[in-house]
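**Q** Each chain, letter by letter, is given below.
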Amino acid sequence: MAKEKSVSRRNFLKIGAVGAFATLSSTLFGSLTSFQKSANAMDKHQVHAGLNTQLHEGMKHGFVPSSEQTVGYKAAWDALTNFDYGKVSTLPNGQTFREYEITARETEVEISKGIKFPGWAYNGRIPGPTIRCTEGDLLRVKFKNLSAHPHSIHFHGIHPTNMDGLEAIAPGGEFVYEFEAKPGGMHLYHCHVAPLARHIHKGLYGNFIIDPKKPRAAAREFNMVMNGYDLDLDGENEVYTVNGYAFAYMQEAIKVKAGELVRIYLSNLTEFDLINSFHLHANFFNYFATGADPEARPNYTDTIMQCQGERGILEIVFPVPGKYMFHAHQSEFAELGWMGFFVAE
Amino acid sequence: MAKEKSVSRRNFLKIGAVGAFATLSSTLFGSLTSFQKSANAMDKHQVHAGLNTQLHEGMKHGFVPSSEQTVGYKAAWDALTNFDYGKVSTLPNGQTFREYEITARETEVEISKGIKFPGWAYNGRIPGPTIRCTEGDLLRVKFKNLSAHPHSIHFHGIHPTNMDGLEAIAPGGEFVYEFEAKPGGMHLYHCHVAPLARHIHKGLYGNFIIDPKKPRAAAREFNMVMNGYDLDLDGENEVYTVNGYAFAYMQEAIKVKAGELVRIYLSNLTEFDLINSFHLHANFFNYFATGADPEARPNYTDTIMQCQGERGILEIVFPVPGKYMFHAHQSEFAELGWMGFFVAE
Amino acid sequence: MAKEKSVSRRNFLKIGAVGAFATLSSTLFGSLTSFQKSANAMDKHQVHAGLNTQLHEGMKHGFVPSSEQTVGYKAAWDALTNFDYGKVSTLPNGQTFREYEITARETEVEISKGIKFPGWAYNGRIPGPTIRCTEGDLLRVKFKNLSAHPHSIHFHGIHPTNMDGLEAIAPGGEFVYEFEAKPGGMHLYHCHVAPLARHIHKGLYGNFIIDPKKPRAAAREFNMVMNGYDLDLDGENEVYTVNGYAFAYMQEAIKVKAGELVRIYLSNLTEFDLINSFHLHANFFNYFATGADPEARPNYTDTIMQCQGERGILEIVFPVPGKYMFHAHQSEFAELGWMGFFVAE
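The listed protein sequences correspond, in order, to chains Z, B and F. The numbering of the first sequence is my numbering, which starts it at 7 and goes up by one. The numbering of the second sequence is my numbering, which starts it at 7 and goes up by one. The numbering of the third sequence is my numbering, which starts it at 7 and goes up by one.
No wet-lab data here; the hints were simulated from the structure. From a predicted model like this one, the values you see are computed outputs, not experimental measurements. Where is the CB? At the ideal position from N, CA and C, for every residue including glycine. Don't take every hint at face value.
Claimed, not checked - Derived DEER-like restraints, expressed as beta-carbon distance ranges: (1) B:Thr76 to Z:Thr76: 17 to 27 Å; (2) B:Arg146 to F:Trp83: 35 to 45 Å; (3) F:Lys220 to Z:Pro218: 32 to 42 Å; (4) B:Leu239 to Z:Pro218: 48 to 58 Å; (5) B:Arg222 to F:Lys261: 32 to 42 Å; (6) B:Gly130 to Z:Leu267: 53 to 63 Å; (7) F:Lys148 to Z:Trp83: 32 to 42 Å.
Given only the sequences and the hints, what does the whole structure look like? Please build it.
**A** Here's what the structure looks like:
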């Protein structure tokens, strides 16, 4: 895999190692939030300085969260709990019919305080909407390409091959994906137009949950997409997130109740890095890779990895109240935005 | 892991992102096929341009495959279905005895249309022959080193340690590896002479299948080795394939029948990248990692990853006719050659 | 992930490929051992030349191990079999109480013959002590930060969140971590102060074994931590080891008995590389990922991978006497120090 020289980034981390950057970065961070510059106008020094300030603040247990709730921050919270069940009706044969409308277009998204990314987005969001249904439902996804580039939607799962999103839909074009939802499990979707790395990295992806016919146990449920952003187009990510916004759940923790079942639908759509991972502090979880085999025994652990396109379901019970950190166990990803908290009450 | 600067490669991808390279690449690709230059005479621009043309053509559902069947293309098809069972006889004690002859030598192989690679190859092939037998057979592998460098054969599996291929066989030398085949499962072999990265990357590897005593269910079977080629010796791969030839099964799809059981013996011998992966479109498969535990429950999914040396068995049933794409879910690997189709009829 | 240009390293490997470095490296290696220079005074050429000489010597089956037992070499052997059970007492309620004392401070460690690393170490060792106890024990870990930097201990496992090591302990400061050990399984610990990559990479980590209440079968047990060292601070590792010292178990093999059960507690704390792995020659093992689910079926294989923070338990029976190599199946890691032998007698 090609990797370019990135002196400024490493230099930055070295400065960090000797403890000198806290002052530097808070200054830069101040200017970032003031100017709300697009990422394209910043160099890696500035981007990483901003992220590190947030990291240092967020890692304090007594950290008082900012009241700033920017557009990108709100979008990440929306992505966490908002499932798109489509427009629901029942067919004459009794089958549930779900209709979704998805557009693709150029969209500038805020990926961290004051850092904007010139993305390509489904329905104006990175990640795109979390499409959710039940095994056996008939799905109709009306796709409209409002972008200047050809795009498509490739769903993971079992369906006719002419519905697999391999065909590029021209700018201005439309396509209707229609298929029966199967198998029950945790899937995802993304654009499948070449160059693939660029189309995926730009933001054209989302989670696709097919609930099994026999419902899973009741739980508080969350949706999480792990991704990265290459701001300077050097084939490396400078920012890592879940649900599109760096440190979204660190500024304010995700609220759960001690003792209740928490379920996370987790996928990896990170481009340019071969894997990503999820680590939970002070607790363990059951991990169901892909979640499509109802008889499969989960892995009981606190750390799992996924390559791009892999996904799975985590089931967690927080035994006692507390503030439980979660993050990638690749230190660099964690430090550059992929870190958050659950608070169990 | 050391990674070098590779501006030309990234520049190329950037051009791709703005849609400008289609014309550029088809021109270059034309010249590539005409001149059949060795990869050493090309720069990354040229190599990647050629690959991208093939990618763009191949991804069209209505793509009419070329009638060009070059040497490398034919070799990849041979590697897909040709299993080497050796010269078979029965020992006085009733044990099946299999004799194989394997050479190592410098071999120039064609790895994509018009791109040649100065490899080191077992029996003149990259990957080497797929050695196949049944658990409990006595194997005798006569190895002859016809190369100017020392080499060996290191088999994965259980056998006496003096048969593990750690000892380098000098140029012109011979060695006879002899051991009982076990355990039943999906294994592989490769050269184990230092520097390892170079000896493996040059092409000295292949699959090694030990059928269990109780045979697996009848199936249409395929052999696949995931690999990469570092053409400019910069410690990064420029071309990725299964079975040695970029896009081999994209120009023409692998034929299967809807409803039948398809079994794939898959390994990862990619050097320089930490993992490789296999993703199937529009369908799911059962994955038996290593395939040596007959009681193990497979993973039911559409995407799996392997580090180098890992391998496994995929069992797939294509439910309905169609053209099912498969590829690495690392976009870069897919775009640079590791992509193909099954056609179910 | 950012990767910098490292021409010298790759040039070195290229020289190796054409067979020219054996002489070169042995000369350099001689000077390395004489001068015992700190790694900071060497360039990559020198470091890699020294490692390659050891590699080439060690890979000979008839290799007579050196009688040199340097400080780092002895430390690696100590880490292999030394488990820290703490100061044990029984509480009034019958619970076992274990007290540990752990310091963090700047420590120069020898990581290969003649190569020193300016590390940060728990109790003066890289990896730190292997903390071992039984599920349900009450643990009290007195942590004293004798370093010029803030540090902490983050344990994996289930415990109150105020004991998770997120809070940085200032230079000169102390903290007492106290919690009940759970769940039974194979865990680890590391510093959790930002910048994380630097704090972990510098050496602040170790294994943490919680034996299940129902003891595992009797076995010969070993402790192994996979790690890497970035000597020139370029964000890449130049040396890879298990238990801190390159090729420690290659100079002299780890002694076991044919037929007995061997158990290895293996973790990955390698920074900068996304995964690491373990491959065993001429034999298979059962792998229990995390080892916390007593009902989980192990993977039966000879090659497993772990991302940072992952860990597991290997159970091996060596069927017959012999010298069984083990190493990372990333060739580069193996060649740069992560390689050793078991000798079964």
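**Q** So, for every hint listed, does it hold in this structure?
**A** How the hints compare with the structure:
Look at Thr76 of chain B against Thr76 of chain Z: about 55 Å separates their beta carbons, and that is not inside 17 to 27 Å. Arg146 of chain B and Trp83 of chain F have their C-beta atoms about 39 Å apart, which keeps the hinted 35 to 45 Å range intact. Between Lys220 of chain F and Pro218 of chain Z the C-beta distance comes to about 34 Å, which sits within the given range of 32 to 42 Å. For the pair Leu239 of chain B and Pro218 of chain Z, the beta carbons lie near 51 Å from each other, so the given range of 48 to 58 Å is met.
Remark: the range hint 32 to 42 Å for Arg222 of chain B to Lys261 of chain F is upheld by a beta-carbon distance near 39 Å. Range check, Gly130 of chain B to Leu267 of chain Z: about 58 Å between beta-carbon atoms, so the 53 to 63 Å window is met. Judged by the Cβ atoms, the range 32 to 42 Å given for Lys148 of chain F and Trp83 of chain Z holds: they are separated by roughly 40 Å.
Checked against the numbered hints above, the structure breaks only hint 1 and satisfies the rest.
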